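In order, the protein sequences belong to chains F, B, Z, E and X. Using my numbering, the letters of the first sequence map in sequence onto residues 1374 to 1717. Using my numbering, the letters of the second sequence map in sequence onto residues -16 to 340. Using my numbering, the letters of the third sequence map in sequence onto residues 3 to 249. Using my numbering, the letters of the fourth sequence map in sequence onto residues 1419 to 1709. Using my numbering, the letters of the fifth sequence map in sequence onto residues 43 to 289.
Because the hints were derived from the structure by calculation, they are not lab data. Predicted, not measured: the structure shown is a model, and the values here were computed from it. Misleading hints may appear alongside valid ones.
With the C-beta cut set under 7 Å, the calculated list includes, among others, these residues of chain E facing chain X [said to hold, decoys possible]:
1) A1588
2) N1592
3) I1598
4) I1601
5) R1605
6) L1608
Residues of chain E placed beyond 10 Å of chain B at every Cβ, according to the derived structure [as the list claims (entries may be wrong)]:
7) L1425
8) I1487
9) Q1506
10) R1507
11) A1554
12) V1568
13) R1579
14) L1609
15) V1620
16) V1628
17) L1630
18) V1687
Don't be surprised by glycine CBs; every beta carbon is placed ideally from N, CA and C.
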Amino acid sequence: MIRRLDASLLILLVAFPILWLLPSGLKSYGLYVVSLWLVMSIAAMGLNLTLGYAGLTSLAQGAFLGIGAYATAILTTKAGWPLPAAFLASSALSFAVGVLLGFPALRVKHHYLAFVTLAFTVVVFLVARNEQWLTGGVFGIANIPRPVLFGSDLGAALPFYRLLLCVTLVLALAMWWLLKSPWGRAFLALRENAVRAASLGVDIRAYTLLAFAIGSAYGGAAGSLYAPLVEFIDPAPFALSASFVLLLTVVAGGAGSFFGPFVGAFFSYMLPELLRATGGWYLIIYAAVVLLIVMISPTGLLGLIERWRDHRSQAKAAAARAAAAPTLGAASGETDSLGKGATQ
Amino acid sequence: ADPVKLIDVIELSGPGAPAGTNWKNGVDLAVKEINAKGGILGRPIAVTHYDSQTNPGATRAAVQRAVDEDAYVVLGPIFSGPISASMQITQRAGVPQIVGGEASAFTKQGNPYIFRTSLNQADAMPKLANYLRDEVKAKSVAVVWVNNDFGKGGRDAMIPELQKRGIQVAADIATESGQADFAADAIKVKNANADAVFVYLNEEESARFLRAARQQAIAKPVIGETTLLGAKVIELAGEAANGVKGHVGLLVDAPKPGFAAFGKTYQDAYGFTSDHNGIKGYTAVYTVKTITERVGKFDREAFAKTLHGARIDVAQEPGILIDTKWLENGDVDRESFLVEVTDGKPVVKATLPMINP
Amino acid sequence: MTHVLEVSSLKKYFGGVKAVDGVSFTVEEGEILGLIGPNGCGKSTLFNCILGQLTPTEGEVKLDGRVVTGLYPAQLNRLGVSRTFQLLQVFPNLSVRENLILAGQEHKGSMIGRLFGARDAGLTAEADRMIAFFKLEHLADQKAGGLSYGQQKLLDAAMAFMAGPRLVLLDEPAGGVNLTMLANLKERLQIINRELGATFVVIEHNMDFVMSLCSRVVVMAEGKILAEGPPSAIRNDPAVIEAYLGH
Amino acid sequence: MDQFLQLVVAGLATGAIYALAAIGFTLVWQTSQTINFAQGEFVMLPAILVLVGTHAGLPVWAAFAVASIAFVLLFGFGFKRFLVEPMQRHGVLPLAIATMALSVLVKEAAKNGFSAEAQPFPSLVPDGMLSLWGAALSARDLAIFVVAVVAIVGLQLFITRTRTGRTMQATAQNPTVARILGIPVERMILLTFLINAMLALVASYLVSPVYLAKFSNGESIGLAAFIAAIVGGFNQIRGALAGGFLIGLIDNLTAAYVSSAYRTAVPLVVLVVVILVKPEGLLGRKEERTV
Amino acid sequence: MDQPILTLSGVVAGYGQMTILNGTAFSVPRGSITTVIGPNGAGKSTVFKTIFGLLPAREGQILFDSRDITNRKPRALLEAGICYIPQGRNIFPELSVRHNIELGAVAAGRGITDMPQRIEAALDRFPVLRQKADQQASTLSGGQQKQLEIVRGLLLDPKLILIDEPSIGLSPAMVAETFQILLEQRARGVSVLMIEQNARSALAMSDYGLVLELGQTRMFDSAAAILSDPRVGQLFLGGSLEKTVAP
Ligand SMILES: Nc1ncnc2c1ncn2[C@@H]1O[C@H](COP(=O)(O)OP(=O)(O)OP(=O)(O)O)[C@@H](O)[C@H]1O
Ligand SMILES: Nc1ncnc2c1ncn2[C@@H]1O[C@H](COP(=O)(O)OP(=O)(O)OP(=O)(O)O)[C@@H](O)[C@H]1O
Ligand SMILES: [Mg+2]
Ligand SMILES: [Mg+2]
């Protein structure tokens, strides 16, 4: 599980220049779609930590996306903050709210936790919709500026995409570091067997809260990038269904595998765009594809790799077992003693 | 000849799906008719529909793509969130966008490329408030609205108009889009004991509310705007729709020959009666045709310039269905109707003139 | 002198069931204490109360003279108390080696330190030693969930030793473990006990194991302490024979 | 006070619908640890199938018959055989995701294959009105109420009092051991899925005349039912009834007395508090001993 | 001499890529108690799972009463007269103790009418279970759960009992009681195949012993011969334990 992370780092570093150069031929639509993919991958990465690694079922990631997006939209349009500052503030806010939301997770698990986070998502959505003085209500917030960094305007599609790419890389590296540290193992312990973990000194409470908070911070960071990407936000994209789609994204991509969120986000956010030509049928195709993925590989698409690795290590162990010398003389032979027994 | 590309970005899934489907059908119908008659300036129309998912982000992607694909005009969307998320893109690219939205906000931003297909809520509500004061003679009104951009916008436009006319708002009830159970709302309305009920909901919710109101035996007149008197609501609410009155911008049953003909063609093609969104989509395409022919070439900037302040009469282009005028900000002005449902049929009681003929 | 562990009039009721009903005993530094008693007499419940897994209905637990009732299991573990479980408790989808590293990592440094420190917290070597000792080499990279019953039991025990604890509470460590391996386990316990001065409390039904390992034995019956003393005395105590050993 | 009573009656009527859909959640959870996020769509679909039948020219009774049979085959037998069975052993989450995908699939198929618009649906129950303590109640409300209560009480008795019912529970709690004891695990699971499909069918036919037949109806019903099941205690059939009524009631009372803008949130927040105080749900059993 | 009741020949089985049984072969004499011993992970439990149709045999043949039962479903095997009491914890935690026991009779044929009496008799035999008959089974202690399983497994009057480490978690008195039950079964002509790590006591009451290692039969002989074989004692019966036991 953790071993594999070294390969992940390599893939990450190789993918970066490719992703930097590859889309330069795309028009603004294509760039918008890959940008959206990056942003949603960040959100999914966060949920992957909470759900995939720490095993905490959360239906709140869409809400954190919303919290980040609204915080950034409000700070940049109404308070005039620059985007980088708003980005940090949004992530920090999401982290803090994530800690608070983590407290119920100390008490309830599984579908009960799903329910609590679901309620949270509904509340966030309603606040965004009803508190017009702050959030613009159903009419949303328009004209969210794209950033100007070090004097250069990154508002055009390609520079903004590359900015997103850099942020994604940094966040992915941070996640990589986190997962390979003992913290990563402690998160897994939460998921695998919390009772045992507690008896080994793993501070269940702290790690549960952290798993929520860090996952949420990634959600908020994604939201903070989503706002300037779309340049307009209203409550709709942060409704409950967004959280469901994110959950689906993580599981279909491979919960608990490093690149799962990226693969999942491809299916949830890019595939529908690729299928636009099919008119009203793309959702059916998309749902069918997801269904197929989880049926073929219930551990998600990247779970297949995991399974293949398990196979290999099993085969290795089997070979070791086969090669092991019996401690008791094998020469005496089964048939020999067996015959003795049967005829006794 | 080389076809002219129209791209329709419309709500085909999500809460806006019913409206979007009507619009899309209307667009398809108009395109078919126009192409059958030789297209626009000799070029056939090629229309592509992209789903907005009733989601600003997805709409933005779709409109972005429409612009990348060199759309001549972008049609749709209908919901104001998706409109707000996409209108800067068409503006930046200089592509005219003809939308189905009724909320008032987006024509106030000075965007020269955005155009409506129906009355702005802010223009419809005064007509209705007058009606409540003069015809219904209501002293107090219970307002039931759907809490989305459409319903909230309508409510925000209506309440000041009521107050201006000295009509009290006895109850101000927000409901959810997609809400199934209206019992509590009906009970609240009943207990508010107002002289009339103003209902501003989407189609099915309107029907459900009417049924719940009937179950709670609400005897007060139920008044609405366009959707409440739509064919769909009447079909769904059945008996409960009888007696409902209100103001309608576009209606296949309106006493205009064009509407009836359109209504029939639509019914034949799709098996159900078009609502106002079908008419909006249909007239949007005819607007493109008429204005382009006026310009005489395919020039987006000239198109937008020409459409501002333009007036298209049915006499000149029957496909426009009703005489329509575009204002400088992209709003439209046209006649509208006072309607009452009797025996399951919307009956037009009066025709209201344009605001600035 | 303070005792490593001191339990005073501990009670745990589940509704009407008095699982533990007023138990007091002490454990001295460097001792190996056996805890035996018939099935359902409250041994595991007693462990769970001591270790914070259950909240006692009444009574007090002291560690080195300090009251620790109400502390979380993790806190107790950091104070140097570790345990094994009667029912298998491993991390099924982690490899055997990762199970062991995890068992040792939370004791070194601060949380922040762990985030920025070495990825295995320097524990791989220690884990591999454990693996070799329990003859699990060929399974080191296998998921723990795929181990046989006895192997999981051994892994569970190994995890309790990873942190170099002062006090270990073992709940039936011998159940399902092959006798030869059990002999090794016993030696290991004795070595750790002798050389590191670690203290053990062992619940076990395997009398050979208990009697040869423990310096003192506490016998429970129906939630109460029935007898206490050196193995030889316990073996011949008529009450113990009647309630527990059988004839 | 008059208003309060009306709200209570209306709330119970709505709650009964949620309860009817919620039993499905608890039932399939009890026997196969499946969370069916397509449950709402299961309630939406039968009505649509009937309408497809009538539009195709079938007489109404035939449309009902064909739709019912097709639905139970497809979403009782087929669902169990082709989705749950192969995925069950991989744990709760993948299956939950699969049912989410299924719900999108069913919903979109209903939309594209039939109609994006709501359709009126023929009522099986006469349209009469009753008055209960002065509150208006339709015969249909009453029918839903009775069906929900009877179904839940009946199932509860079946599960806890009969051998077959206990066998079903055993299957859920430990399928491997159940198999070792010779319990026909597959048949038990199939039985619950058939019951589930039939309950959804009944709910659909009762609800659609009021809520109208529409592809998206499942969203709100499914969600409310999910919540009702959780609040009632996921592992208790009778909990579904309590949960359903509770949500119907709180929802209506909130809409009338608290805030209509936060209507959807208030019941949730109230229930979150319930869950946090009593994590196993209102009527749920405590999770088993873990150590 | 009688036909063996059970014969395995050339059985190959395992988990995924892991082949655990590689040509396993042995026979179980009729009407006797045969104890399987071997190190942890030898594949003992795997053999049982394969016999009972829970794990497919990829190759080889299993004969029961001279009938081929390779890869048959558990239900069919129960009906044929085999019962299997697995290792570890195998109860329905949320059902009551009584209901748990009753479920052992699901596979009973129509001819059996005395099931209620059998259940009563079983409860008489294990008073704890009667006392807790209406409680949730998960509240039983580890040993009590095992007792429940044994009672449940024997309800059907099997011809062959496969029992995997019954002594885990049982007090010495309970172990004796369990062995007594097995002896009684033998007296009625029932054959028993038992896995035990508590091998000395188990072999002492058995007729035959079978040593399994790395999935292969290493030795099959009378129990007494196995017990007294010095190599077996050293390798599998914790020879060193023996040494330290006697003080
Ligand atoms: N959660 C619970 N609810 C009700 N009763 C319980 C619970 N946990 C344990 N008990 C009861 O408490 C008593 C003591 O159980 P405990 O597990 O401590 O026994 P034990 O001494 O460890 O037995 P064993 O040697 O069989 O493991 C038993 O009678 C058991 O049924
Ligand atoms: N579910 C499983 N998946 C993968 N491998 C398994 C699984 N169960 C057992 N094994 C492997 O098969 C081998 C034999 O296991 P088995 O349970 O048969 O051993 P055993 O002889 O019963 O040991 P014990 O005395 O510990 O119970 C072990 O090495 C184990 O790692
Ligand atoms: Mg115990
Ligand atoms: Mg075993």
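Checked hints:
Hint status for A1588 (chain E): holds, given a least beta-carbon distance of 5 Å to chain X, under 7 Å. Interface hint status for N1592 (chain E): upheld, as the beta-carbon distance to the closest one in chain X is roughly 5 Å, under 7 Å. For the restraint placing I1598 (chain E) at the interface with chain X, the shortest Cβ-Cβ distance is roughly 6 Å, inside the 7 Å limit, so the hint holds. Proximity of I1601 (chain E) to chain X holds as hinted, the smallest CB-CB distance being about 5 Å (cut-off 7 Å).
At its closest, the beta carbon of R1605 (chain E) sits 11 Å from a beta carbon of chain X; the interface hint therefore is violated under the 7 Å criterion. With its C-beta approaching chain X no nearer than about 15 Å, L1608 (chain E) sits outside the 7 Å limit, and its interface hint is violated. With a minimum CB-CB distance of about 6 Å to chain B, L1425 (chain E) fails to clear the 10 Å threshold, and the non-interface call is violated. The claim that I1487 (chain E) lies off the interface holds: its Cβ sits roughly 26 Å from the closest Cβ of chain B, which is beyond the 10 Å cut-off.
Consistency note on Q1506 (chain E): stated as away from chain B, and its beta-carbon is indeed over 10 Å from all of that chain's, at 31 Å minimum. Distance check for R1507 (chain E) against chain B: the nearest CB is about 34 Å away, which clears 10 Å, and the non-interface claim stands. Its closest Cβ contact with chain B, about 5 Å, brings A1554 (chain E) to no more than 10 Å, contrary to its assignment away from the interface. With a cut of 10 Å on Cβ distances, V1568 (chain E) stays outside the contact zone with chain B, its closest approach being about 22 Å.
At roughly 34 Å from the closest C-beta of chain B, the C-beta of R1579 (chain E) stays outside 10 Å, upholding its exclusion from the interface. Separation of L1609 (chain E) from chain B is adequate, the least Cβ-Cβ distance of about 30 Å exceeding the 10 Å criterion. Every beta carbon of chain B lies more than 10 Å from that of V1620 (chain E), the smallest distance being close to 17 Å; the non-interface claim holds. Its closest Cβ contact with chain B, about 7 Å, brings V1628 (chain E) to no more than 10 Å, contrary to its assignment away from the interface.
A Cβ of chain B approaches the Cβ of L1630 (chain E) within 10 Å, the least distance being about 6 Å, so the stated non-interface status is violated. Every beta carbon of chain B lies more than 10 Å from that of V1687 (chain E), the smallest distance being close to 16 Å; the non-interface claim holds.
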